[in-house]
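Fit chain R to the given chain S structure using the hints.
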Amino acid sequence: MYNFDIAKPTTIADAVQALTADEAQPLSGGQTLIPTLKARLAMPSTLVSLHAIDEMKGVCMDDEGRLCIGGATTHATVMKEAEAHYPGLASLAARIGDPAVRNRGTIGGSIANNDPSACYPAGALGSGATICTNSREIAADDYFLGMFETALEEGEIVTEVKFPVPEKAHYEKFIQPASRFPLVAVFVAKFADGVRVAVTGASNNGVFRWTEAETALSSNFSADAVSNLKASADDMISDLHGSAEYRAHLIGVMTKRAVAAMS
Amino acid sequence: MPKDGGIGASSKRREDVRFLTGNGNYTDDINMRGQAYVHFLRSDVAHGTLTNVDVSAAADMPGVVQIFTGADFEAVGGMPCGWQVTDKHGEAMQEPKHPVLAHGKVRHVGEPIAAIVADTLAQARDAAEAIVVEIDELPAVINMKDAVKEGAPKVHDELTSNLCYDWGFVEENKGAVDEAFKNAAHVTTLELTNNRLVANPMEPRVAIGDYNRSDGEHTLYTTSQNPHVIRLLMGAFVLGIPEHKLRVVAPDVGGGFGTKIFHYQEEAFCTFAAKAINRPVKWTSTRSEAFISDAHGRDHVTKIQMALDADNNFTALRTDTYANMGAYLSTFAPSVPTWLHGTLMAGNYKTPLIYVNVKAVFTNTVPVDAYRGAGRPEATYQLERLVDKCAHELGVDPIALRRQNFITEFPYATPVAVEYDTGDYVATMDKLEEMADMAGFAARRAESEAKGKLRGFGVNCYIEACGIAPSNLVGQLGARAGLYESATVRVNATGGLVVMTGSHSHGQGHETSFAQVVAEMIGIDESMIDIVHGDTSKVPMGMGTYGSRSIAVGGSAMVRATEKIIAKAKKIASHLLEASEGDIELKDGAFSVAGTDKSVAWGDVTLAAYVPHNYPLDDIEPGLEETAFYDPSNFTYPSGAYSCEVELDPDTGHVTIERFAAADDFGNVINPMIVTGQVHGGLAQGIGQALMENCAYDDEGQLLSASYMDYAMPRASDLPMYDVDHSCQTPCTHNPLGVKGCGEAGAIGSPPSVVNAVLDAMRSGGFDVPHMDMPVSPQRVWAAMHGGAEAAAKVGVTASNAKPNA
Numbered sequence: 162m163y164n165f166d167i168a169k170p171t172t173i174a175d176a177v178q179a180l181t182a183d184e185a186q187p188l189s190g191g192q193t194l195i196p197t198l199k200a201r202l203a204m205p206s207t208l209v210s211l212h213a214i215d216e217m218k219g220v221c222m223d224d225e226g227r228l229c230i231g232g233a234t235t236h237a238t239v240m241k242e243a244e245a246h247y248p249g250l251a252s253l254a255a256r257i258g259d260p261a262v263r264n265r266g267t268i269g270g271s272i273a274n275n276d277p278s279a280c281y282p283a284g285a286l287g288s289g290a291t292i293c294t295n296s297r298e299i300a301a302d303d304y305f306l307g308m309f310e311t312a313l314e315e316g317e318i319v320t321e322v323k324f325p326v327p328e329k330a331h332y333e334k335f336i337q338p339a340s341r342f343p344l345v346a347v348f349v350a351k352f353a354d355g356v357r358v359a360v361t362g363a364s365n366n367g368v369f370r371w372t373e374a375e376t377a378l379s380s381n382f383s384a385d386a387v388s389n390l391k392a393s394a395d396d397m398i399s400d401l402h403g404s405a406e407y408r409a410h411l412i413g414v415m416t417k418r419a420v421a422a423m424s
Numbered sequence: 008m009p010k011d012g013g014i015g016a017s018s019k020r021r022e023d024v025r026f027l028t029g030n031g032n033y034t035d036d037i038n039m040r041g042q043a044y045v046h047f048l049r050s051d052v053a054h055g056t057l058t059n060v061d062v063s064a065a066a067d068m069p070g071v072v073q074i075f076t077g078a079d080f081e082a083v084g085g086m087p088c089g090w091q092v093t094d095k096h097g098e099a100m101q102e103p104k105h106p107v108l109a110h111g112k113v114r115h116v117g118e119p120i121a122a123i124v125a126d127t128l129a130q131a132r133d134a135a136e137a138i139v140v141e142i143d144e145l146p147a148v149i150n151m152k153d154a155v156k157e158g159a160p161k162v163h164d165e166l167t168s169n170l171c172y173d174w175g176f177v178e179e180n181k182g183a184v185d186e187a188f189k190n191a192a193h194v195t196t197l198e199l200t201n202n203r204l205v206a207n208p209m210e211p212r213v214a215i216g217d218y219n220r221s222d223g224e225h226t227l228y229t230t231s232q233n234p235h236v237i238r239l240l241m242g243a244f245v246l247g248i249p250e251h252k253l254r255v256v257a258p259d260v261g262g263g264f265g266t267k268i269f270h271y272q273e274e275a276f277c278t279f280a281a282k283a284i285n286r287p288v289k290w291t292s293t294r295s296e297a298f299i300s301d302a303h304g305r306d307h308v309t310k311i312q313m314a315l316d317a318d319n320n321f322t323a324l325r326t327d328t329y330a331n332m333g334a335y336l337s338t339f340a341p342s343v344p345t346w347l348h349g350t351l352m353a354g355n356y357k358t359p360l361i362y363v364n365v366k367a368v369f370t371n372t373v374p375v376d377a378y379r380g381a382g383r384p385e386a387t388y389q390l391e392r393l394v395d396k397c398a399h400e401l402g403v404d405p406i407a408l409r410r411q412n413f414i415t416e417f418p419y420a421t422p423v424a425v426e427y428d429t430g431d432y433v434a435t436m437d438k439l440e441e442m443a444d445m446a447g448f449a450a451r452r453a454e455s456e457a458k459g460k461l462r463g464f465g466v467n468c469y470i471e472a473c474g475i476a477p478s479n480l481v482g483q484l485g486a487r488a489g490l491y492e493s494a495t496v497r498v499n500a501t502g503g504l505v506v507m508t509g510s511h512s513h514g515q516g517h518e519t520s521f522a523q524v525v526a527e528m529i530g531i532d533e534s535m536i537d538i539v540h541g542d543t544s545k546v547p548m549g550m551g552t553y554g555s556r557s558i559a560v561g562g563s564a565m566v567r568a569t570e571k572i573i574a575k576a577k578k579i580a581s582h583l584l585e586a587s588e589g590d591i592e593l594k595d596g597a598f599s600v601a602g603t604d605k606s607v608a609w610g611d612v613t614l615a616a617y618v619p620h621n622y623p624l625d626d627i628e629p630g631l632e633e634t635a636f637y638d639p640s641n642f643t644y645p646s647g648a649y650s651c652e653v654e655l656d657p658d659t660g661h662v663t664i665e666r667f668a669a670a671d672d673f674g675n676v677i678n679p680m681i682v683t684g685q686v687h688g689g690l691a692q693g694i695g696q697a698l699m700e701n702c703a704y705d706d707e708g709q710l711l712s713a714s715y716m717d718y719a720m721p722r723a724s725d726l727p728m729y730d731v732d733h734s735c736q737t738p739c740t741h742n743p744l745g746v747k748g749c750g751e752a753g754a755i756g757s758p759p760s761v762v763n764a765v766l767d768a769m770r771s772g773g774f775d776v777p778h779m780d781m782p783v784s785p786q787r788v789w790a791a792m793h794g795g796a797e798a799a800a801k802v803g804v805t806a807s808n809a810k811p812n813a
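Protein chains in written order, with this note's numbering: chain S, 162 to 424; chain R, 8 to 813.
Note that these hints are calculated values from the structure, not bench results. It is possible that part of the hints are untrue.
[Claimed, not checked] 25 Å max Cα-Cα, derived SDA-like pairs, lysine to any residue: (1) Lys458/R - Ser771/R; (2) Lys10/R - Met535/R; (3) Lys801/R - Ser399/S; (4) Lys458/R - Leu390/S; (5) Lys199/S - Val139/R; (6) Lys199/S - Asp126/R; (7) Lys460/R - Arg341/S; (8) Lys199/S - Ala64/R; (9) Lys575/R - Ser606/R; (10) Lys801/R - Ile336/S.
Chain R with its partners taken away, still in its complex shape:
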């Protein structure tokens, strides 16, 4: 019998009432009295020296308030990077300056050169056309291999090369790994790219700066996943505004997917300019701007190898990756190919020896940073494609090979520095095999073949690491931020609660699921609890929402604060009931004395807290409000097994996804409906990456897929009805809710099974192609069927995604 409230109930998403009726309050819905509008004049060349930016004619244009250029920002700090990676020699990564507005040079198409503030947006755009920009074009470095060649043009003149870092993990293991390869009975090698993506949240980015002269307070309204982090980064590192004079509000946000984690120039500009002109300044990104100014995702090129013994046990794994950083280091970019990728390379397998090398490279492209999954999809894709290739080379069943090498005992310390607390990879694979109806596959394949089509089945496992922590460890790894979360629970006199959480909901449904947790703990109705987030003036501190961390970290902080509330409420209840505090029990919203029929309702206690006429004033303060900070002791490790069944049209190369099954272990689940929705969304993005999405540059650094005319987003008709299950639950051992996180799983777990399925379909038609890169587009499939992997490797290849070794 499903619950109708509290933990485990599929409560309807309360926020959807406003979202679905057009009553959401997004940043662009906010209009300030007297606001001016800013338009950014952006570079249309990828690399060049700015020899002249003449704004004199533009400044006299109608409605122009002020025009800003790089020179106006010389006195302020640059955009900070939030993570410093140490390379394999123990040296700090190369960290270039990142100006608010380009100064001296432009380094990617889309980099802002000037900011025109005017009474109307049209006037600002008109004036932008009157600005004279002269750029001495320099050769652009787009391909990562070219970028690290001796004598390559440098993206940043002040750096020694375009190599940000050369990271080895775990460097001490390298010798043993190489030795194991020498002794291997079989070695499988795979070279692949993880295609660059544009996140494309439905709501483009928006920023509004406001300044109050009377009290010196700045306010920034912004489309952010973590307003407190923006307050800290922008206040402390860019503009020098103390936090008590800077309020950052991230109201309703229409999707983030990682790209709204980062601190962007436009936010700093609007905050700065509002004070400079003493008027609010608003910027709303166009979709075209989003393509060339939102941080991109993925873009790895990898060579990975597995060593196996004669019994097909994995004995060693090594992988070499080039990771594109783009032209500048976006906020958390250095951490993605390292700590969010290298630490995941064990996957679900007990491979005893692993070595990961990552070379992060600067190129004249938009900065690359975390996108749904961030590092973990890249790790999963290469590993799970490799395992499939192993199976085919050895002539063994891909599922059997996986099962043979599964980690089965927990906790399990991997050779890549993390310890999985719980998991049951056999159980999720068992569940998947049941969901996938593998017994019926032969008949379905025959049915496809009767229509002249090919049918393929692919599978993969995944492991995720969510809730990156603890802070003292990530500090050692180079994080320049803590990774805890905070929550304040404020109980009102009449018993209602407001929870102020540092997590931020931009589609995840926290307002519903967080309330379910508190309702369960106190035993009251969910409608008595409101969740407040996204405003630094209301929430004490927050690290925000990314990396599937909200329920595991933010939810745990909320649990801790609620526990404090309950503890204090019990004290009050014991006074009211004239009983010993130890005898007080809280159940179904009432406090009772154990073994008696004496009880007092939740509302009586909360009223006493604020109207303390009958109250233990000598022992405790009036009021009922508690704050907790929660710093987890470890990551959480969701895991699962996914399968994909495709039908392939051999005449055109077109692939359709016929079935997709996802068996996930998220630990305990708060709201199964919301979790299912999160998996659905993740799958859409993972399948989109596998089949359609491709962010490609030409050799001059022009973005070829700069609009929806060329950047293929998955649509509902491209996707199947998913079969999603999360009944396999091994609760996390180290957080109070036993939860693991579910937001990224779908995007992490789905690409390999799609590609594995397409290759399987092709094999069934006699086309034995060992690998194809994503997106597995119709023309690439067709090329592979007619010219093999080599032909496929040439399809859709542009300067940005050509393999370094090709």
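Isolated chain S, as found in the complex:
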């Protein structure tokens, strides 16, 4: 780790101000950033901790029936407090990492980092969530741009994520045996007006929607509707743990299982 200054703002406005400093970087739960710093792979001059910003914490329902989760809310909190409102998402949060990760890691941190194997991007994209920042609101479809790439500008903070609550949803995850991140995971959400299917862990472009499956499931929400669908292996990640073909195959299996779990 290199030396850095740390700022601990208590309001979003102060955090945004602090992030205008040269080489400043926001620190949320630190589950990715701290190991990166320890390995000396990042050299921020100032870390702006979002940990003390109360207005970025908590889980509630808004007037439009959306589940709103503050950007600095931990997975453990979502696991508990979202259960009554959006069990499919609470279950996703409950299966991220291990208890230590869930007690520190936050939804804002996960979505801002957009690791191609992270769980939350699938939940957000699969739900058609709205990503709220200190300056604007971004639809999930416009937010996730690629592996570790998002629509966030320099110094922009994810303050809240608003989830439309589907009729039902299920997150089916097949873990990479070493990291226990998803090797492939699929989030399927059934809304009154259609089905969304988001896939994480699989693509070189990060989280994506499997539109063929969405179309099939929107007209017939059953495992059979997707049993003959094959995801394309083009642009899938190929590494020590799974070839592109294997990942493409798992997309089908996980989708089918997610739907079966809701039937």
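Okay, now just chain R, sitting in the frame of chain S:
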């Protein structure tokens, strides 16, 4: 009725009080006054010529005390190799120089180039970034087949090739073996890899060097399984420090699994640098460093063949193995694929003719050496996979084929130079069949199939050789060390004992089980005995702990020393009791005169030894302290039969272990609970190798599995509740305790049954795949089910584990 103390009792592990309450004293817990910290700048390329290492800017950085490079070590010796193998032509193996810090060339990613000593670790790391290292990259040799090709880039320019040795065993038998294959009714052939592993003890390595100018004494605190061996190797071969001026302390050590046997550069560096800068120097490995600097394990590629007659009797076995040595010879590396592997190839079977060929190869990878089992898992895996393949080719029951070929008469001289003293392979297999509930398997399989899953059952036997010995024999085989053990038993005036053993406990529970033995012999409470280990200034000599040797060799030394104590105590007692020495009996901590009610307590005798007012001073010296060295006459041969039941998800290829049974014969057992724990740990590592662990390099010599993000360690949730039994006991005939050793059995015995079970599950689903290499990962299983063995063979294959013949 279980005993509540002594031999055979499941005494609670006394060391766990400190380990479980955070009061252990590990090397990193030790901090010396004024200590400096060293950070090693390591090569990030696998092979290249060092054209420039400029430390001038770094030397001026804040807090930097001194920066060392390879040039600073030209005057000292290199890292020694402790075993010289003679090849099939009678020539000595090729033995390259192994510098403390790279000099001239770098030969693997992770090799230390410079050592930066500073007031703080952060300052040392900062300065490391200011060092200018220029390397002319050379083509790396990663795959063993490529490495031995004509014209391949050489890892060591001074050697004739990358072949360390070409070993034939027993070379004189080769003709007869080949002849038997010509006459065989059936030949089964199997090509396989034994995947490279990273040991991953929970505690990474640590070294602290200290030097006392006033008396010229060096002290090294280190995470070692054998501090005396480090003292000898480092003192005599690297730094030229006489043993009386070098103390090596290995305090609490958090797991070794073999990788802490060896003498490492960092130990030599810290010892050397402490004197150079006249301050203690501390190094603590990060987990990332451990992946690229701890010796790796396994990494064999083998073609094995069995010849059978028309009645399915094994008539001959031959095996050709390429064994990866990595870039340098780690301390005992040459012995692993030879004497710890070739000698085990008979397994549990009376195959009359065996020939083993091993080509040890240098590559631009981290050195490979012993890892839990060391050579014996490689032998067991290939043999037990082969026997299973034989059974399926012949359409016979795999257990029946094994039983038919079991060795049943002991002692048994194998065609690979060792003699098994005892064993009962039928008994362990009988026990296993009972534990495995084979009658219930069909119903369990049906239950799995009803869920859309496949279920498979696999079995294997194993034979182990522990307590490598005797010293005069291993000397002929190339060992540059003796393989005895020592113990000193010191009795205090008030009757308590301290046993100083050359064995080292780094998780095995010696402090408990060794005390049980002495308590049993004298008939006193275990709490009266303390076990001291891990400090060359306290223990006279020691060869350390590895190869499941501690109770068989170290325990035997302790028994011999205790026998001497008892003999002298009887003399004292006979004087006190005014009786003839021959009439004195020791029972339950009291000496009595046979046939009388006259007796004297243990404490009265020990007090007399130190307060010799009423004492036979003309006949014997005061005091009660004895030392014994024990050099075994043979290896010990634990054996067993293991079974594994898996459930396989055909949609994903994911395998779960549903049941695992282990029936072991360890001879006599000192503490059944500790033995069970040792088997559990071994099984976790064996199952980890079979299902998950894979140390893989790319073709440029970069380690692909260099952290826990990519190196899959087994976790509790990956493992079943084991069914472990060690009630089959054929005591060792040649050591005083009748013990055989149990530390490695689980890791040796489990991989074949896991793979056998997975293949069985696949066959039950109509996927007849003759072999899959470990780790039997989900993607490999899936590939095998969709494209057969050929497709599976391409999965997860990188430059380092591609088969030489592929």
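Consistency of the hints with the structure:
no., hint, result
1, Lys458/R - Ser771/R, "holds (14 Å)"
2, Lys10/R - Met535/R, "holds (18 Å)"
3, Lys801/R - Ser399/S, "holds (13 Å)"
4, Lys458/R - Leu390/S, "holds (22 Å)"
5, Lys199/S - Val139/R, "holds (22 Å)"
6, Lys199/S - Asp126/R, "holds (19 Å)"
7, Lys460/R - Arg341/S, "holds (22 Å)"
8, Lys199/S - Ala64/R, "holds (24 Å)"
9, Lys575/R - Ser606/R, "holds (16 Å)"
10, Lys801/R - Ile336/S, "holds (21 Å)"
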